[in-house]
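J.: The primary structure of each chain is shown beneath.
2 protein chains.
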Amino acid sequence: LLPDSYEERLALGCSQVQLSFRYESRDQRFTIYVMQLSNCSPLCLPANQKIHVRLVMLPCVEATRCLFRTRSSLPQDVVEVNEVFGMQISHSALRQKTLRVDVCNSIKPGHEECLAGAQISLADVSCSEERCTKWYNLLSHAYMPEINNK
Amino acid sequence: LLPDSYEERLALGCSQVQLSFRYESRDQRFTIYVMQLSNCSPLCLPANQKIHVRLVMLPCVEATRCLFRTRSSLPQDVVEVNEVFGMQISHSALRQKTLRVDVCNSIKPGHEECLAGAQISLADVSCSEERCTKWYNLLSHAYMPEINNK
Numbered sequence: 001l002l003p004d005s006y007e008e009r010l011a012l013g014c015s016q017v018q019l020s021f022r023y024e025s026r027d028q029r030f031t032i033y034v035m036q037l038s039n040c041s042p043l044c045l046p047a048n049q050k051i052h053v054r055l056v057m058l059p060c061v062e063a064t065r066c067l068f069r070t071r072s073s074l075p076q077d078v079v080e081v082n083e084v085f086g087m088q089i090s091h092s093a094l095r096q097k098t099l100r101v102d103v104c105n106s107i108k109p110g111h112e113e114c115l116a117g118a119q120i121s122l123a124d125v126s127c128s129e130e131r132c133t134k135w136y137n138l139l140s141h142a143y144m145p146e147i148n149n150k
Numbered sequence: 001l002l003p004d005s006y007e008e009r010l011a012l013g014c015s016q017v018q019l020s021f022r023y024e025s026r027d028q029r030f031t032i033y034v035m036q037l038s039n040c041s042p043l044c045l046p047a048n049q050k051i052h053v054r055l056v057m058l059p060c061v062e063a064t065r066c067l068f069r070t071r072s073s074l075p076q077d078v079v080e081v082n083e084v085f086g087m088q089i090s091h092s093a094l095r096q097k098t099l100r101v102d103v104c105n106s107i108k109p110g111h112e113e114c115l116a117g118a119q120i121s122l123a124d125v126s127c128s129e130e131r132c133t134k135w136y137n138l139l140s141h142a143y144m145p146e147i148n149n150k
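First to last, the protein sequences are chains A and B.
In terms of the working numbering, the first sequence opens at residue 1 and continues consecutively.
In terms of the working numbering, the second sequence opens at residue 1 and continues consecutively.
Isolated chain A (complex conformation) (with noise of 0.2 angstroms):
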């Protein structure tokens, strides 16, 4: 059975992403390694409906490539996803990005419906060439609402 209730979702705790950053300096590359979800039993899922991660560097400019998408997999309370996306940026330009990283499920081509997300401010991505590892809180969009009643 799956909880509905706000204060059953919440007791089940977040799902949570975890990414790696790389920025190469001598190439001016970025590099985005989606390495797994964990705990997404509180996302809700039907055990029949695939998912995927969606990426979105943000603000967009026309000429860079901004949107990112993972595989679809079966959802588990453990997704290992391990992709990599790479872009062309420079250091400064980098800095001023936030990326946008969304479970998605995948009804159809064409059609997804994000779930629960993380936004990533940029701002202090180093450019020492180490690959920095960290887990990221998904925040449901069911919550998100409530933001505008208060």
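Note that these hints are calculated values from the structure, not bench results.
Note that the structure is a prediction, hence the values are computed from the model and not measured.
Beta carbons are placed, not taken as given, at the ideal position from N, Cα and C, and that holds for glycine.
What the simulated footprint calls covered on chain A by chain B, stretch by stretch (three residues with Cβ under 8 angstroms from a Cβ of chain B suffice, anywhere in the stretch; the number is not a length):
#1 12 to 23
#2 46 to 60
#3 96 to 105
#4 111 to 124
#5 130 to 136
Fit chain B to the known structure of chain A by using the hints.
T.: The following block gives chain B in isolation, referenced to the frame of chain A:
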């Protein structure tokens, strides 16, 4: 003259907010310091309209205060805020939270329009008692609808 095309806004770079976080384990107290806003021109604020910073701790739990607002200030390129907000929360509950930070204009009491914001995962807030200060990019809400059009 205020720039209003997408390209003109992008050329101005992004606005940023400087925040500090501190968690004191002994008192289970989390403190958010809203320090300053910088490069506010991309927000395209009319010079006579005051702005404030709104903080929302999400997901919001009935029993706990989760909404905070700074005083209003007249927009300038750099706005010194220097306000502090504290809350009682266990470290494990804190690490499941996402802090939404928005710059809003104060049209009249009870009415605010949020112009740009950041969303900060608190998954890695340390309980070392040290105050950790960072700049976060503010993503203009004007750029958000584009996510859904890709």
